[in-house]
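K.L.:
Construct the entire structure; sequences and hints are all you get.
2 protein chains.
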Amino acid sequence: MSQPKFYLALLHNPVYNKNMKVITTTVTNLDLHDIARASRTYGVKKYYVVNHLKSQQKLVKRMSEYWSSDFGAEYNPDRKEAFSIIDVQAQLEDVIADIENIEGEKPVVVTTDARTYPNTVGYKELREKIQQGTTPYLILLGTGWGLTKEVMDSADYILEPIYGAGEYNHLSVRSAASIILDRLLSGKK
Amino acid sequence: MSQPKFYLALLHNPVYNKNMKVITTTVTNLDLHDIARASRTYGVKKYYVVNHLKSQQKLVKRMSEYWSSDFGAEYNPDRKEAFSIIDVQAQLEDVIADIENIEGEKPVVVTTDARTYPNTVGYKELREKIQQGTTPYLILLGTGWGLTKEVMDSADYILEPIYGAGEYNHLSVRSAASIILDRLLSGKK
Numbered sequence: 001m002s003q004p005k006f007y008l009a010l011l012h013n014p015v016y017n018k019n020m021k022v023i024t025t026t027v028t029n030l031d032l033h034d035i036a037r038a039s040r041t042y043g044v045k046k047y048y049v050v051n052h053l054k055s056q057q058k059l060v061k062r063m064s065e066y067w068s069s070d071f072g073a074e075y076n077p078d079r080k081e082a083f084s085i086i087d088v089q090a091q092l093e094d095v096i097a098d099i100e101n102i103e104g105e106k107p108v109v110v111t112t113d114a115r116t117y118p119n120t121v122g123y124k125e126l127r128e129k130i131q132q133g134t135t136p137y138l139i140l141l142g143t144g145w146g147l148t149k150e151v152m153d154s155a156d157y158i159l160e161p162i163y164g165a166g167e168y169n170h171l172s173v174r175s176a177a178s179i180i181l182d183r184l185l186s187g188k189k
Numbered sequence: 001m002s003q004p005k006f007y008l009a010l011l012h013n014p015v016y017n018k019n020m021k022v023i024t025t026t027v028t029n030l031d032l033h034d035i036a037r038a039s040r041t042y043g044v045k046k047y048y049v050v051n052h053l054k055s056q057q058k059l060v061k062r063m064s065e066y067w068s069s070d071f072g073a074e075y076n077p078d079r080k081e082a083f084s085i086i087d088v089q090a091q092l093e094d095v096i097a098d099i100e101n102i103e104g105e106k107p108v109v110v111t112t113d114a115r116t117y118p119n120t121v122g123y124k125e126l127r128e129k130i131q132q133g134t135t136p137y138l139i140l141l142g143t144g145w146g147l148t149k150e151v152m153d154s155a156d157y158i159l160e161p162i163y164g165a166g167e168y169n170h171l172s173v174r175s176a177a178s179i180i181l182d183r184l185l186s187g188k189k
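Chains as they are written, first to last, in the working numbering: chain A, 1 to 189; chain B, 1 to 189.
Hints may contain errors.
Unchecked claim - No farther apart than 35 Å at their CA atoms in a straight line, the calculated lysine-lysine pairs in the DSBU-like style are these:
id, chain 1, residue 1, chain 2, residue 2
1, A, 129, B, 129
2, A, 45, B, 124
3, A, 61, B, 18
Unchecked claim - Derived DEER-like restraints, expressed as beta-carbon distance ranges:
id, chain 1, residue 1, chain 2, residue 2, range
4, B, 62, A, 22, 31 to 41 Å
5, B, 100, A, 77, 38 to 48 Å
6, A, 124, B, 53, 28 to 38 Å
7, A, 90, B, 93, 45 to 55 Å
Simulated from the structure, these hints should not be mistaken for laboratory data.
A quick note: this is a predicted structure, and the numbers were derived from the prediction, not measured.
Cβ coordinates follow ideal geometry from the N, Cα and C atoms, glycine included.
P.N.:
As structure tokens, this is what we get:
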């Protein structure tokens, strides 16, 4: 069994706003920190932050540089290591091209949603596929009010919803990312 | 099988700082939002924010009032519901007294740590105990550089570390809380 070829992308565009209009959301500080730390902990090869705005791309790069600077790296070396797996891309197509460039083949693209679809896949099933380590996998996370229909339709699989204890199910993207990584990639439990 | 009597507390005091000095940390906006949303999703009865500073207690109360106000509740009703389970207490003893008052018995206190101890408990074992729904359980999460030795020593159980994919293990408290709740309280997977 080889190391999983696992990639994660947080999409700031194209996503819906509250009124189902397609927008670009802004980068949130803790989306970088929390998801980078969880990604590094679970052996994710790259955590892509997807935003087509140059100003937003610069912001992410400036933060990464801060934590890999002499001061940042000395103050908190773990954070440097977490930020080292962050990569900024303008759009989903660029992420897929980057992975194809690294792995020699396109990744299987998996999205997440609160509803179920004909191509919904369970955690156990997806975990087994990923752990074989043969094909690269890319999990997409949305921001705002979620990924657009076009992105959802383009995915190979849609992960089944995370069921809590009842009807209420409103996890932050940071919580959802952590739980998904734990379910798919954790070591011994 | 009854509904688990499950409580969560985020301690801002007493915790260590980077130099192992005992301090009080400040409340972080997203620690309230993310952990309240995850707690509500997984059926936690109360999420205690523990801080002995009156100014910090007021801050938490003001945020809760905002999300339950007419404007906040209309803008995002899910957030109102998440914040409704937050309770502010000055210290751990007050949390335990509050649970005893509600449940008629003291909770079993469980902490988390990156090391293992003689009273370390696994997730599967603890999940089974909790799911019986007879005894109340309280999970403690630390801020800063972690819970003090005194708090650790006073706990009934210490949850085993969350193993990622390798040596690196530096999850945010928000990620750790989400993963712990998912492992102990999730519905069907």
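K.L.:
If you check the beta carbons of residue 90 (chain A) and residue 93 (chain B), does the distance land in 45 to 55 Å?
P.N.:
For residue 93 (chain B) against residue 90 (chain A), whose Cβ atoms are near 53 Å apart, the range 45 to 55 Å holds.
K.L.:
Need the status of pair residue 61 (chain A), residue 18 (chain B): alpha-carbon distance at most 35 Å?
P.N.:
Within the cut-off at roughly 27 Å; holds.
K.L.:
Do residue 124 (chain A) and residue 53 (chain B) keep their Cβ atoms within the hinted range of 28 to 38 Å?
P.N.:
Hint violated: Cβ distance 45 Å, outside 28 to 38 Å.
K.L.:
Does residue 45 (chain A) pair with residue 124 (chain B) here, judged by a C-alpha cut-off of 35 Å?
P.N.:
Between residue 45 (chain A) and residue 124 (chain B) the Cα gap is close to 29 Å, so the pair holds against 35 Å.
K.L.:
Honestly, do residue 100 (chain B) and residue 77 (chain A) meet the 38 to 48 Å range at C-beta?
P.N.:
The hint (38 to 48 Å, Cβ to Cβ) holds, given that residue 100 (chain B) and residue 77 (chain A) are roughly 43 Å apart.
K.L.:
For the hint 31 to 41 Å, verify it against the beta carbon of residue 62 (chain B) and that of residue 22 (chain A).
P.N.:
Once the Cβ atoms are compared, 34 Å apart, the range 31 to 41 Å for residue 22 (chain A) and residue 62 (chain B) holds.
K.L.:
Next pair to validate is residue 129 (chain A) with residue 129 (chain B); report whether the Cα-Cα distance is within 35 Å.
P.N.:
32 Å, holds
Consistency note: the structure conflicts with earlier hint 6 alone.
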